[in-house]
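Those sequence lines, one after another, are chains A and B.
Just so we're aligned, residue 1 is where the first sequence starts under full-length UniProt numbering, counting upward by one.
Just so we're aligned, residue 1 is where the second sequence starts under full-length UniProt numbering, counting upward by one.
Calculated from the structure, these hints are not laboratory results.
Be careful, since some hints might not be right.
[To be verified] From the derived model, a few chain A residues whose C-beta atoms are all more than 12 Å from chain B:
| # | residue |
| --- | --- |
| 1 | T2 |
| 2 | G59 |
| 3 | T108 |
| 4 | D135 |
| 5 | P153 |
| 6 | V215 |
| 7 | A222 |
| 8 | D260 |
| 9 | R266 |
| 10 | E270 |
| 11 | P277 |
| 12 | A305 |
| 13 | V337 |
[Said to hold, decoys possible] Below, a list of computed lysine to any residue pairs in the SDA-like style, where the Cα atoms sit at most 25 Å apart:
| # | chain 1 | residue 1 | chain 2 | residue 2 |
| --- | --- | --- | --- | --- |
| 14 | A | K348 | B | D86 |
| 15 | A | K347 | B | E43 |
| 16 | A | K347 | B | V66 |
| 17 | A | K347 | B | T83 |
| 18 | A | K347 | B | Y70 |
| 19 | A | K348 | B | D68 |
| 20 | A | K348 | B | E43 |
| 21 | A | K348 | A | D333 |
| 22 | A | K347 | B | L85 |
| 23 | A | K348 | A | L318 |
| 24 | A | K348 | B | D18 |
| 25 | A | K347 | A | D302 |
| 26 | A | K348 | A | A305 |
| 27 | A | K258 | A | D89 |
| 28 | A | K347 | B | F41 |
| 29 | A | K348 | A | R289 |
| 30 | A | K348 | B | A65 |
| 31 | A | K348 | B | L85 |
| 32 | A | K348 | A | E320 |
| 33 | A | K347 | B | S46 |
| 34 | A | K348 | B | V59 |
| 35 | A | K348 | B | E89 |
| 36 | A | K347 | B | D55 |
| 37 | A | K348 | A | E330 |
| 38 | A | K348 | B | T83 |
| 39 | A | K347 | B | D86 |
| 40 | A | K348 | A | Y331 |
For glycine and all other residues, C-beta sits at the position ideal for the given N, C-alpha and C.
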Amino acid sequence: MTRRTPLYQRHADRDAEFTDFGGWEMPVSFDSIRTEHGAVRQSAGKFDVSHMGQIEVTGPDAGRLLQRLTTNDVTALDPGEAQYAAITDEEGIMLEDTVVYRLPDGETYLFVPNAGNDGAMAERCQWIRAEFDLDAEIDNATTDWAMIALQGPDAPERFAEATDVRYALDRFEIERTDVAGVDCLVAATGYTGEDGVELLVPADDASTVWDAFDVQPCGLGARDTLRLEMGFLLSGQDFDPEEEPRTPYEAGIGFVVKLDTEFVGRDALEGVATEGPASKLRGVQLIDRGVPRHGQTVTTADGEAIGHVTSGTMSPTLGEPIGLAYVDIEYADPETVVRVLVRGEPKKARIRTTPFLDR
Amino acid sequence: MSYDIPELLYLDSHEWIDTTDGTARIGISDVAQDELGDVVFVELPSTGDELSAGDDFAVVESIKAVSDVYAPVSGEVTAVNETLLDRPELLNDDPYGDGWLVEIELADPEELEALLSAEEYEASIET
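Chain B extracted, bound-state conformation (with noise of 0.2 Å):
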């Protein structure tokens, strides 16, 4: 199985975050929706939600199971994408695009130090 491994940063639990132009976006990787499966149902922070890194902070269910999603780095929910809760199978069909969770507001741009690179991450999965 080959997997769509993007250059982003990565957490080992398959969440990623693209911080490229200015606001940072979440959303779960290639390898994730295709360990869950047919996704089904997505529940969502609200805007002006703070999240700290480690934090629970979204559920994507699948038809076969329930995942939580966490915040790889802290900050203020600026964005989340509503488009999912009558379409959450842009999780499978577009998970660096469409699919995407949340932007967020960095609280404290060095955590994204302690994450994953692509390279790291695509490590990460084969072993």
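The shape of chain A in the complex, shown without the other chains (with noise of 0.2 Å):
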């Protein structure tokens, strides 16, 4: 059964193209994917986010029930701030990669896992409460919530405009806002690496808030080659429980890995720690003509096999054909070249760090 945000009817209204993103049914694209690009990274765009799940949870075991699923440091959050997280298994595999906000009355913390994840992870926070025996209440709150994200380097400014409230947050910080007279939550993150905000918006006032935002009306698309740009994993692609089992050392993103608390997975990820991970997610940047995709293999020069590509386009922004890749770790290195096999074609490529662009 395919689920329909809010604000459906709008996108289709405007001729969206639709397409079956986890379960959702969600715009591609609206115009075309090199303007909505170009709009968020030169001036400011809107996206429909409300395919991402929002979890609550409240009680005074909220905040070590969420120190338990994610890997970060939930007790370093004050009210009103936000971190980036990953929840992984037993053995350390990312099942997500979520943002976790402490809620400003600093009682409720809310989580966002991917589209059609929402599910699976309300389970897994029950199934943490039980084991732990924590005294929390979890509510899957996807369909009580609109989530849209307006991005680019005039979002703070368009945002002020429909808001009359001074665009004055950090990166990573929340607060409540009355957003063209809705009660929102509006927090300084995003997928795009540019400026601007996500908004919580109640489900019934969804339309209201996309309307007050006059910018170009972005689609998956778009949010697709920004995050790539970016070097921004994408959930079920760039890592996945089944399809791509990886680390968060592996996917890049060990940062967010606290050792020193206590989340399913510790143990396994101190071993990958103190080991290192035998292969690495890396940016790859075509030499050659060509456009690396997914599932396409890495190689040396000699053909042996070292990788293969998780992502891929042809940026927008630099004109260049990038991707993701995992490979090997002795050819992780930056600028080591090696071989992407396009339709069977062997391609030079570059190995890089991201972000592709900086920002």
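Grab the two chains, each in its own frame, and use the hints to assemble them into the complex.
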């Protein structure tokens, strides 16, 4: 059963092209990926990201539950702050990447699983609650909230116009703000590398807030090219417990693993941290003509397989073919020249660190 | 959505062929370029390559998708549009003009009879 966001009809009226994503019928593009991507890099764009999950955890042990669930240190969060984290299984394999918000009230924690994973993550919270005998309430509030991202260098100004509130959030802060008459949670987070905010909006008021921003509407196509230029991970593609089982160290987000906290998978990850991962996610940029794509093999000049591409595109900003690839650690140094098999043809490529764009 | 469908011959996989002035020129239709979105890369055959009707002979990549292009008829490639290697966006801007892909010398002109007229192609995209 495909799910639709509260903004679905708005997008259909705007002649968006739709696709199924994580069980949600979502807009891929409204005009063209290039146009939408350019708007976010040069001015501002808005995204309907209501397909992201929202899990609220409250009660005396809410913080403790999140600490067990995620790899980062939840105790570092003051009210009104957010942090990026991984959620791992007992083997340290990434199930999710997520943003954990400690809401301004200080009592409520809210985290945002990827599209389609809200049910599984709510269940995981329930399991942790039982396992560690914690006193917390867990609410899968995904359908209660719409989520709108406003991103781009002009986003702060556009936001201020719609709210009469001075835009004063630092990165990874969250506050309650009235937007176009609607009580919203506004966070300085995002997935594009640009300035901007993500707004949690009561589902019934989604259209009011969406319409308050007179900027380019953007679909999942531009969201993907924008995040790829920044080297941000896409769940289900750059990591996936079934298809692409990886630790946070392999996926390049070891910085969100705090081994001095207690979380599921900690012991396994301690071992990986000591020994170092056998392969690592890197940027890859084709030198020869072509475009790297998901699933293509990475080899040495001699044709020895050393990894594979997980994401790839032609970067609209750089005009260069870029991607992310897991490569064996001995080939993971930046500037290492490798080959990517594009439809069987070895294309010369260079290993790079991410982000591809300075932001 | 209304598409530009000039009086050429078509495959229902959205390739066109134009044989009006002796040479046979092949490209992809306005429908195809619109569905693909921003074209960012084109892989073309070499002159002298022999194509058989139905072969995939070129690849068009947009930001979001990779698509094979099929030969409407058989023949030897006599010219390729190398401008596309540096300016693949011509496929979006002018699919029947500057965005052409290859020219071939027809091996069997009778193969043209199996192709769709503009009217038949238009009907096929509406269903």
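Hint by hint, here is what the structure shows:
Chain B leaves A:T2 outside its interface by the beta-carbon criterion, the shortest separation being 20 Å against a cut-off of 12 Å. In this structure A:G59 is separated from chain B by more than 12 Å, as the shortest Cβ-Cβ distance comes to about 43 Å. Residue-level check passed: A:T108 sits 38 Å from the nearest beta carbon of chain B, beyond 12 Å. Separation of A:D135 from chain B is adequate, the least Cβ-Cβ distance of about 47 Å exceeding the 12 Å criterion.
Once the 12 Å rule is applied to beta carbons, A:P153 is consistent with being away from chain B; the minimum gap is 22 Å. Distance check for A:V215 against chain B: the nearest CB is about 20 Å away, which clears 12 Å, and the non-interface claim stands. Consistency note on A:A222: stated as away from chain B, yet its beta-carbon is not over 12 Å from all of that chain's, at 9 Å minimum. With 12 Å as the threshold on Cβ separation, the claim that A:D260 sits away from chain B holds: the shortest Cβ distance comes to roughly 42 Å.
For A:R266, the non-interface assignment is confirmed: its Cβ lies about 39 Å from the closest Cβ of chain B, beyond the 12 Å cut-off. With a cut of 12 Å on Cβ distances, A:E270 stays outside the contact zone with chain B, its closest approach being about 40 Å. For A:P277, the condition that its CB be more than 12 Å from all CB atoms of chain B holds, with the nearest at approximately 30 Å. Here A:A305 stays apart from chain B, with its beta-carbon at least about 21 Å from theirs, past the 12 Å limit.
Every CB of chain B lies more than 12 Å from the CB of A:V337, the least distance being 21 Å, so the non-interface label holds. Pair hint A:K348 plus B:D86 holds up; C-alpha atoms about 18 Å apart against a cutoff of 25 Å. The suggested pairing of A:K347 with B:E43 holds, with an alpha-carbon distance near 13 Å, which does not exceed 25 Å. Between A:K347 and B:V66 the CA atoms are separated by roughly 17 Å; this keeps the pair inside 25 Å, and the hint holds.
About 21 Å separates the Cα atoms of A:K347 and B:T83, which keeps this hinted pair within 25 Å; it holds. Between A:K347 and B:Y70, the direct Cα distance comes to roughly 24 Å. Compliance with the 25 Å bound is thereby established for this hinted pair. Restraint check: the Cα-Cα separation between A:K348 and B:D68 comes to about 22 Å, which is no more than 25 Å; the hinted pair holds. With a CA separation close to 16 Å, the supplied pair A:K348 and B:E43 stays within the 25 Å bound.
Our distance criterion of 25 Å between C-alpha atoms is met by A:K348 and A:D333, whose separation comes to about 16 Å. A C-alpha spacing of about 15 Å is found between A:K347 and B:L85, which places the hinted pair at or below 25 Å, so the restraint holds. Proximity of A:K348 to A:L318 is assessed by CA-CA distance (about 18 Å); at most 25 Å being required, the pair is judged to hold. Between A:K348 and B:D18, the direct Cα distance comes to roughly 36 Å. Violation of the 25 Å bound is thereby established for this hinted pair.
Restraint check for A:K347 and A:D302: satisfied, since their Cα atoms lie roughly 12 Å apart, inside the 25 Å limit. Of the supplied pair hints, the one linking A:K348 and A:A305 holds, its CA atoms being roughly 14 Å apart against a limit of 25 Å. For the suggested pair A:K258 and A:D89, the alpha carbons sit about 15 Å apart, so the restraint of at most 25 Å is met. Restraint check for A:K347 and B:F41: satisfied, since their Cα atoms lie roughly 14 Å apart, inside the 25 Å limit.
At roughly 9 Å between alpha-carbon atoms, A:K348 and A:R289 fall within 25 Å of each other, so this suggested pair holds. With a C-alpha separation of about 21 Å, the suggested pairing of A:K348 with B:A65 holds against the 25 Å cut-off. Under the criterion of a C-alpha separation no larger than 25 Å, the hint pairing A:K348 with B:L85 is consistent with the structure, at around 17 Å. For the proposed pair A:K348 and A:E320, the alpha carbon gap of about 13 Å is at most 25 Å, so the pair holds.
A distance of roughly 18 Å separates the Cα atoms of A:K347 and B:S46; the hinted pair therefore holds under the 25 Å criterion. Annotation: proposed proximity of A:K348 to B:V59 holds, straight-line Cα distance about 19 Å (limit 25 Å). Between A:K348 and B:E89 the alpha-carbon distance is near 23 Å, which keeps this suggested pair within the 25 Å criterion. Our distance criterion of 25 Å between C-alpha atoms is met by A:K347 and B:D55, whose separation comes to about 23 Å.
For the given pair, A:K348 sits about 18 Å from A:E330 by alpha-carbon distance, which is consistent with the 25 Å threshold. Distance hint between A:K348 and B:T83 is fulfilled; the C-alpha atoms sit about 22 Å from each other, no more than 25 Å. With a C-alpha separation of about 17 Å, the suggested pairing of A:K347 with B:D86 holds against the 25 Å cut-off. Of the pairs offered as hints, the one joining A:K348 and A:Y331 holds, with about 14 Å between alpha carbons and a cut-off of 25 Å not exceeded.
Hint check: violations occur at hints 7, 24; the rest are consistent with the structure.
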